[in-house]
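Chains as they are written, first to last, in my numbering: chain A, 1 to 451; chain B, 1 to 333; chain C, 1 to 392.
Calculated directly from the structure, the hints in this document are not laboratory data.
Hints may be right or wrong, so weigh each one.
Said to hold, decoys possible - Below are the DSS-like pairs computed for lysine-lysine, each with C-alpha atoms no more than 25 angstroms apart in a straight line: (1) Lys-300/C / Lys-288/C; (2) Lys-103/B / Lys-271/B; (3) Lys-288/C / Lys-31/B; (4) Lys-271/B / Lys-251/C; (5) Lys-300/C / Lys-31/B.
This one's a predicted model, so the numbers in the text were calculated from it and none came from an experiment.
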Amino acid sequence: MKTTLFASAAALALSAGMAPAQDLIFAPGDGAFNWDSFNAYADAAPDLSGQTVTVSGPWLSPEADRFDNLLAYFEQATGANATYTGSDSFEQQIVIDAEAGSSPNIAVFPQPGLAAVMARGGLLTPLGDDMASWVEQNYAAGSSWVDLGTYANAEGQDEFYGFFFNVNLKSLVWYVPENFEDAGYEVPQTMEELIALSDQIVAEGEAPWCIGLGSGAATGWPATDWVEDILLRTQPPEVYDGWVTNEIPFNDPRIVGAIETFGQFARNEGYVMGGAGTVATTDFRDSPSGLFASPPGCYMHRQASFIPAFFPDGTVVGEDADFFYFPSYESEELGNPVLGGGTLMGVTDPSEATTAFMEFLQTPFAHEIMMAQGGFLTPHSGVNLDAYATATEAGQGEILLGATTFRFDGSDLMPGAIGAGSFWTGMVDYVGGADAQAVADRIQQSWDALN
Amino acid sequence: MNPALQGLVTIIVGVGGCVAYFYFSNQILDKVLFPPRGPNAGRNINRAEAIRPWLFLFPAMAALGLYLAYPVFETIRLSVTDRDLGGAFVGGANYAQMFQEDKFWEAVRNNLLWLLVVPAMATAFGLLAAQLTDRIGWGNIAKSLIFMPMAISFVGAAVIFKLIYDARPEDVAQIGVLNAIYLQLGGDSPITWLTVPFWNNFFLMIVLIWIQTGFAMVILSAALRGIPEETVEAAIVDGANPFQIFFKIKVPQIAGTIVVVWTTITIVVLKVFDIVFAMTNGQWETQVLANYMYDKLFRSNDWGVGSASAMIIMLMVTPILVWNVYNARKEMR
Amino acid sequence: MDNIAGKKSSLTWVLHLSVLALVLLWIFPTVGLLVSSFRTTDQIRSSGWWAALFPAVQNETLRSADPDESRVLRDDGLYMVSGNLYVVDGAVDTPEDVVAEISVWGTSSRNIDAYVPGDTADLGDGETMTVEANGDYVWIGNDAQISGRGQRVFVTAESPPEFTLQNYRNVLFDPDNREGMTRAFFNTLTVTIPATIIPILIAAFAAYALAWMEFPGRALLIAAIVALLVVPLQLALIPLLSLHNSIGIGKGYLGVWLAHTGFGLPLAIYLLRNYMVALPRDIIECAKVDGATDFQIFTKIILPLSFPALASFAIFQFLWTWNDLLVAMVFLIDSSGETTVMTRQIVELLGTRGGDWEILATSAFVSIAVPLVVFFTMQRYLVRGLLAGSVK
Chain A
1 MKTTLFASAA
11 ALALSAGMAP
21 AQDLIFAPGD
31 GAFNWDSFNA
41 YADAAPDLSG
51 QTVTVSGPWL
61 SPEADRFDNL
71 LAYFEQATGA
81 NATYTGSDSF
91 EQQIVIDAEA
101 GSSPNIAVFP
111 QPGLAAVMAR
121 GGLLTPLGDD
131 MASWVEQNYA
141 AGSSWVDLGT
151 YANAEGQDEF
161 YGFFFNVNLK
171 SLVWYVPENF
181 EDAGYEVPQT
191 MEELIALSDQ
201 IVAEGEAPWC
211 IGLGSGAATG
221 WPATDWVEDI
231 LLRTQPPEVY
241 DGWVTNEIPF
251 NDPRIVGAIE
261 TFGQFARNEG
271 YVMGGAGTVA
281 TTDFRDSPSG
291 LFASPPGCYM
301 HRQASFIPAF
311 FPDGTVVGED
321 ADFFYFPSYE
331 SEELGNPVLG
341 GGTLMGVTDP
351 SEATTAFMEF
361 LQTPFAHEIM
371 MAQGGFLTPH
381 SGVNLDAYAT
391 ATEAGQGEIL
401 LGATTFRFDG
411 SDLMPGAIGA
421 GSFWTGMVDY
431 VGGADAQAVA
441 DRIQQSWDAL
451 N
Chain B
1 MNPALQGLVT
11 IIVGVGGCVA
21 YFYFSNQILD
31 KVLFPPRGPN
41 AGRNINRAEA
51 IRPWLFLFPA
61 MAALGLYLAY
71 PVFETIRLSV
81 TDRDLGGAFV
91 GGANYAQMFQ
101 EDKFWEAVRN
111 NLLWLLVVPA
121 MATAFGLLAA
131 QLTDRIGWGN
141 IAKSLIFMPM
151 AISFVGAAVI
161 FKLIYDARPE
171 DVAQIGVLNA
181 IYLQLGGDSP
191 ITWLTVPFWN
201 NFFLMIVLIW
211 IQTGFAMVIL
221 SAALRGIPEE
231 TVEAAIVDGA
241 NPFQIFFKIK
251 VPQIAGTIVV
261 VWTTITIVVL
271 KVFDIVFAMT
281 NGQWETQVLA
291 NYMYDKLFRS
301 NDWGVGSASA
311 MIIMLMVTPI
321 LVWNVYNARK
331 EMR
Chain C
1 MDNIAGKKSS
11 LTWVLHLSVL
21 ALVLLWIFPT
31 VGLLVSSFRT
41 TDQIRSSGWW
51 AALFPAVQNE
61 TLRSADPDES
71 RVLRDDGLYM
81 VSGNLYVVDG
91 AVDTPEDVVA
101 EISVWGTSSR
111 NIDAYVPGDT
121 ADLGDGETMT
131 VEANGDYVWI
141 GNDAQISGRG
151 QRVFVTAESP
161 PEFTLQNYRN
171 VLFDPDNREG
181 MTRAFFNTLT
191 VTIPATIIPI
201 LIAAFAAYAL
211 AWMEFPGRAL
221 LIAAIVALLV
231 VPLQLALIPL
241 LSLHNSIGIG
251 KGYLGVWLAH
261 TGFGLPLAIY
271 LLRNYMVALP
281 RDIIECAKVD
291 GATDFQIFTK
301 IILPLSFPAL
311 ASFAIFQFLW
321 TWNDLLVAMV
331 FLIDSSGETT
341 VMTRQIVELL
351 GTRGGDWEIL
361 ATSAFVSIAV
371 PLVVFFTMQR
381 YLVRGLLAGS
391 VK
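One chain only, chain A, in its complex shape:
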């Protein structure tokens, strides 16, 4: 949840200066949009005049305004009336509403956990196998997205419920290109190169990394992203999936190995600006500041796509700071896994117009309209990357499309007491010098205590 919040904060930061919403934000034929897909949809769509689609979700302004802009095109194509309501306490509200039988047609979930709970309670309508196979074919790392949207229904059978719309990336390393130039460094393409570069920077008497886990009561969460990213790069995705559901225990040697690999970065005295001792206490919002210090305090910072919101004022992403994909090991042959999060749509109250709307969301056009307004990334492989509002987002979109595996932030999928509890504190203990095995044992213990 925490990260979702930051993601939206970042989206907010990126979107400053948007034009006010009009009836149709982009005139037909304009821009780098796939108008053909829109026209084809409009031609094929049934006439839905007089029908209504209600969507509710956690997006507030400005994301809500952008989504409203998209709804305008749907209204034009079908004649239906579509409305979106955003609420800060969406997650509490939707459950109450659904149980009271007054739910909207479509709910936008900030993470799969709640959608799974509602599917289990029989409060969601399956999207059907056609939709599932469409996602599998048209989304990069499609089967990952199908799996993330597939939950057990009230009878315990798996069905496809969640359609991902807007995702974010965590597997990014941020750096200052001009500092790389001054020092003559190249952007590493593999994990081996990344480690070699880190060692080279240490040898030249500088610190390669800025790492900070501080986040008040949530201290520790940045480390969980590290461990998840590393696990995806050292083990097949099945291990990750088993770990998230605790079929593979937390203290399994493969998991402990990932924690220790993280330790090679965070507990390595020379690797971290200020020394390994400062990792646990440096606030994660402060931690990238070393990149921009004079002289530079560090050269690289691994963090999700929201972090530019915390860069110094006036930092231009793409010029003053840029990112590269947190690379995978050349030797492991696990492809290019990507860690991230995203919002997904589920149908809470089916209708003809609702089905039409879900079909509308499959057009590249629907994604491009959102992309062009900023704060939106999509794994849809049919979109035109030029439609992205900024080169930065286009770059991130490209990483998403290049992904062979996509995995959702594991700590968000685990039970709260683990993913937002003992995993965090355990990581703090670990960077503080505790033994990885002991830490993993303790986390597993707290998981056992839940069952």
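Chain A is fixed; fit chains B and C onto it per the hints.
Leaving out everything else, chains B and C in the frame of chain A:
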């Protein structure tokens, strides 16, 4: 409704309701139920007098009973039941589970540490400040400044001291005064004070000592002034030095007050929550019982263990409770 | 004699100095917060608050103007960009306004103190750059060199002390700031005032009954009040929250007012009873002889006479409810965050703005300003109350 308006309405309704209750209940008692007239006038007056105290007491007793007495018993009940099992009686299972948790014992250890250090230090500093400021012209201003932290919330104090304990990377300027001094005195690298296990407890305690010293000072200063001049003068004539006068003459005479100050601060310490919650949230081995309880109740949603830990706090307060009641009764006789 | 007098005066000096040291030690933390709240982000990050009164030495990364827009072709065929680094940065409007003084500078992040002002840096292949102490620069090179982005210049400069009210403007008066304190301030006020007034009234009647009325069980009740004084309110959280939920109050102002009333009563009754019982018996007995009822005695005589005790409890309760975090979190604040109070807002900020000391310091100071004013104006009553009720 606008909260400000709602607040205003509450004040009016609350205050008006209270006044109306007291006024009309007395009126009814005097005019309707037992009018001091007619054949039974004398008996009626006596009856009215017997009932009136309870009219005066009723709202307070109801509120106290509901908000403080009932929860004690309800908490005892909750601590031996399990909500997930529909509130079934589970005996000592919650306690047993709690006693198995490292975090609980860490909290108990830290609470004991707090109990040893904070009342002692706050009383000692308070005594020192009281003794010193009583003898100088601008003593009242000095007192008022030392007393000031009493007005600052624990949360505000937490921010103030987080700034003091702040640590920045080695090669940039320190903005936390403690690290600045530490480096000036020849320390090699800045220390993140709040993450050094065991010792970080003391850095949290300093916050409470800082707040409570003023309280101790005010009470002890009044007590010092109450010491009869003759006893001090007699000691001076006998050739006692200032230290002897202080420790041998003055301190014994205010021993009773020192105990009161000590126990009062002890109770504050047992309830300490905000400071730990805001500064470390119990991480890095700084857990205390009150925060442990909050964690259990509102994060893990485990009412059984949460209530059990609340009972432990209650248990630790009980000796003071008994002692206070004993003293209060002694005074009334 | 002289000797003794001399010793005495030196002792007095020691006394004064040690009190001064103690006072400084005690106000130092608060002063740090206050000073920090008037400093800019950059100042707070680059030096400790105690350095605020002295010129600060800062390392900054500045950049020349964009060559594609501002380069000029010189007679010798080279291109030139010139101007002032601080003006380009937007820190000042004209070179005359520059207050900082550059001591060393450099053009590579690996060598930021390569040159002193007035030096001409050789950037290779004939490209050169000159920077003066006030930030004036001249950058010369061929077509390819003077293109793309502006040249980065790393400067180490000394700037004079400076204070700002901007932090307060942001925290209090910026309607777009979702993390502002304005709403929380009014919420805190809304919690505090009823929660202070209502218990006083209820407690005053009870205290009078316990002090001046004879009835069986009085001693027992007083003992019970003393016992309840120390009951940790932690015990009350869950039972009362369930109670509030079951009778439909849920989370909200009503619940928090009731809770504060309940938790404040033991001290209120105890303080007021101790005070009332010490009032002269004659007054009350005279009034009784004159035929006054207890109700009249209470409202006409006891209440006005008890004003100091009422005031001291009011201050206690005000400080306690204003500064409270736990009760508000449990009984008031829901997930919408509409009813957040200042203490909670600050804890949130500690989480989300952990390193932004200008925001933290300003927000914290906004929340402690009111209690400090109350404290300094009403200290007399506070002390009296403490002396009367030092059992809590």
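Practice problem: Take a quick look at whether Lys-271/B and Lys-251/C sit within 25 angstroms of each other, Cα to Cα. | Solution: At roughly 23 angstroms apart (the allowed maximum being 25 angstroms), Lys-251/C and Lys-271/B satisfy the hint.
Quiz prompt | Pair hint Lys-103/B and Lys-271/B, alpha-carbon separation not exceeding 25 angstroms | solution = This hinted pair holds, its Cα atoms lying about 17 angstroms apart.
Quiz item: Would the pair Lys-288/C and Lys-31/B pass a check requiring their Cα atoms to be no farther apart than 25 angstroms?
Solution: Holds - the C-alpha atoms of Lys-31/B and Lys-288/C are around 18 angstroms apart, at most 25 angstroms.
Quiz prompt | Holds or violated: Lys-300/C to Lys-31/B, with C-alpha atoms at most 25 angstroms apart | solution = Judged against 25 angstroms, a Cα distance of about 20 angstroms means the pair holds.
Practice problem: With a cut-off of 25 angstroms on the C-alpha distance, tell me whether Lys-300/C and Lys-288/C pass. | Solution: holds, 12 angstroms
The earlier numbered hints are all upheld by this structure, with none contradicted.
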